[in-house]
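Peer 1: Start from chain A and add chain B according to the hints.
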Amino acid sequence: MVEGNTRIRVELPAGLREYAGGKGAFEVRAETLADAIREINAQHDGLAYRLLDDQGRMRRFVLVFVNEDPVAHLPPEDVRLKVGDTVRILPSVAGG
Amino acid sequence: MADAKKGDTVVTVGTRKGLFILHSKDRKRWQKRGPYFEGVEIRHAILDPTEGKTLYAGVTSEHWGPMVARSTNLGGRWDLGKEGPRFTKESGLTVTRIWQVQQGVDGALYAGTEPAGLFRSENGGVTWSSVDSLNYWKGRDKWPPGGGGLCLHTILPYPKDVRRMLIGISAAGIFATNDGGDSWRMYDAGIREYGKQKFFDREDTATCVHKMVRDPADPAIVYQQNHAGVFRRNRGDARWSLMEKGLPVAKSTGGPFGFAMVAHPHDRGTAYSVPLVGDYNRVTPKGAMAVFRTTNGGKRWDRLSKGLPQKDAWFTVLRDGMRADDGDPAGLYVGTTTGQLYASRNGGDSWSLIADHLPQVQSVEAGTVGGS
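Residue numbers (our numbering), protein chains in the order written: chain A, 1 to 96; chain B, 1 to 372.
The hints are simulated quantities; they were obtained by calculation from the structure and are not laboratory data.
Keep in mind the model is a prediction, meaning the values are calculated, not measured.
Sample of chain B residues at the chain A side, in silico, Cβ under 7 Å:
{"hint": "1", "residue": "E62"}
{"hint": "2", "residue": "H63"}
{"hint": "3", "residue": "W64"}
{"hint": "4", "residue": "G65"}
{"hint": "5", "residue": "K82"}
{"hint": "6", "residue": "E83"}
{"hint": "7", "residue": "R86"}
{"hint": "8", "residue": "F87"}
{"hint": "9", "residue": "T94"}
Taking lysine to any residue pairs in the SDA-like style, the calculated list, with each CA pair at most 20 Å apart, reads:
{"hint": "10", "chain 1": "B", "residue 1": "K28", "chain 2": "B", "residue 2": "D328"}
{"hint": "11", "chain 1": "B", "residue 1": "K82", "chain 2": "A", "residue 2": "G21"}
{"hint": "12", "chain 1": "B", "residue 1": "K17", "chain 2": "A", "residue 2": "S92"}
For each residue, glycine too, the CB sits at the ideal point set by N, CA and C.
Pulled out of the complex, with its shape left as it was, chain A reads as follows (with noise of 0.2 Å):
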């Protein structure tokens, strides 16, 4: 749990809602990427199962964006969040 008041919305796709109850956006506290994504999960369990692979990384037909910025590359750890951030998380446009 991250004390204070960093305040971040964190958007869901249709895609992950039905593993979310239903809900479409969090506002959570989280000074990274990583904060933010084990805050939905301790709402929610099995988000970061959904969103992260075996190694911590975003999994690789995930997109994440803080704002307007690309993300997913990035170690989740590695990307700090502010005060009225909102990351949005997307599948990729891939497949067959």
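Peer 2: Then chain B, alone, in the frame of chain A:
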């Protein structure tokens, strides 16, 4: 599938785009349900063979990770659990696909994954533990992937001894344990060297096993479709031996090429194969589909084609694309990469189309509601 009754035959069909379930009272008229997990790859799904009520499906979402889903009411409701099988952080590996789901003799559930891994669950797939002795086996770094990736695709418990199990990894080979998974040894002596009529003498040779099955009438006998031929081995044999007479031979590999292999549920020495042209063209020879059957442990194979398409049938039957039920006479089911599902109610003598226009069929399994 609430309308399925005890004693009905159930066929689970895993496809590139979801799971389909067919059920029938008489194996003549079929009802089809699905797709479940619409749009998501289901490489394998089974009906629990003991109680015949619980379904397990290996669900591989490219976006949200691989899971094993469970339904305790024949597909009426599915529970995805919280997590799928996972490698350790130290391993540097990540599970990307569930290739196989298998009930163990002791009631545990096993999952075979890509990259190759064996995982065990004692609570119906809710949580998983890694079989570390295999997953972090010394020499793993030299395991070569097959065309479909480095996958653990076959899990063969031994019904008479919970400590024994065979597993198949493409293209690392076959591994055997006789101490409940505490230790493993390779089990590949006798397999053909690619394109030659020479055979590996050493057990610790990486070969491309495609599918192995036990003969239910004598589960110490194992039949194998390998990349480089068709083989059998009795427990205690020093090596695999050929069982290919009558099967078409691929020009490239030196032996019959194919993926699927099935043993008859009751008749000792009876097995089925679906030969393909070869590894350079993985389709039915001459566009004419046939299932081959041996009734004498592989001394002779015969071509069965009545009711199967004999022209313009340019498809593949994948490694889990054929299964038998445990009826008498036995029912057989073959799914194709072009979405057809063929069934036989007489041990393969004749066939009929029971589903068409499905997504690419990855696997077929058959069971009985209420168990057999």
